[in-house]
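For chain Y, the structure is supplied; the task is to place chain C on it using the hints.
Spelled out from the first residue to the last, the chains are:
Protein chains: 2
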Amino acid sequence: MDNFMQAAIDEAKKGLEEGGVPIGSVLVHQGKIIGRGHNRRVQSGSPILHGEMDAFADAGRQPASVYKECVIYTTLSPCCMCSGAIELYGIPHVVVGENQTFMGAEERLRAAGVKVEVLQDPTCIELMTTFINDKPELWFEDIGE
Amino acid sequence: MDNFMQAAIDEAKKGLEEGGVPIGSVLVHQGKIIGRGHNRRVQSGSPILHGEMDAFADAGRQPASVYKECVIYTTLSPCCMCSGAIELYGIPHVVVGENQTFMGAEERLRAAGVKVEVLQDPTCIELMTTFINDKPELWFEDIGE
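So the protein lines, in turn, are chains Y and C.
Read in full-length UniProt numbering, the first sequence has 110 at position 110, and its numbers run on one by one without any break.
Read in full-length UniProt numbering, the second sequence has 22 at position 22, and its numbers run on one by one without any break.
Chain Y extracted, bound-state conformation:
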């Protein structure tokens, strides 16, 4: 297990402990985490704070020169909002924990030239499978369904 995906999983678990949606993300620049976050729909009452968005917010304002050297790690395949943010800021590489419980806009990212790696990590799959089973209404709210 890559240390950065482990950090994203730690964020997801923190979200779960807080009663939230267990999805975490870290933004990594030249081998160093510059932003970390997890879904805060429940905790902040915000529909825009998906894990990836929270990591971008945590990293704060960064120049394009930094973003283009970043890798973003996320425990779940990024939805069209988060993929849009990744595309906007020109992040060249996304490492995805799993896309079995939810398939995001990976094809759109690839079409935009982004490298998308999918790990199908058992811990990530287990986190989401249990969560969706326990709180389906919260999950469907989170993906706009």
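All clues stand as given, with none of them false.
It does not matter which identical chain is used: a pair holds within one copy or between any two.
Using 16 Å as the maximum straight-line C-alpha spacing, the simulated EDC-like pairs for lysine to aspartate or glutamate come out as follows:
(1) K135 to E18
(2) K32 to D58
(3) K135 to E17
(4) K68 to E145
(5) K115 to E69
(6) K68 to E141
(7) K13 to D134
(8) K32 to D2
(9) K135 to E145
(10) K13 to D121
(11) K13 to E126
Hints listed in this document are in silico derivations from the structure and should not be mistaken for laboratory results.
Below, chain C alone, put in the same frame as chain Y:
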């Protein structure tokens, strides 16, 4: 001038007065504004708080049944992040102040079945033209360039 686009312009002007990027947005449900916001990159140090995202955040958690009856008004053509949020939450109708100073992901929205109306409003064009001329580095940061 539609009252809702005027409200979005008022938000953009508020952002300008605060020293920020002058883009505003309102989310309207059944003829009532349920969320309003403006770009807060400067004010909050956040790369995810574009005008439309700020309006979504202000509206808070809403069920899909509400989103699908909403119209979002934005003074500027929505970038791929904001378009992704509009698509995620299934907003069926977007009214855009102008797309002359920046062309967002309108074609992607239309391909997803979203109605996109562009007003080419002179006040919106003037706000952005002046801003881009005054603070080009801030503007390019905001669109990831």
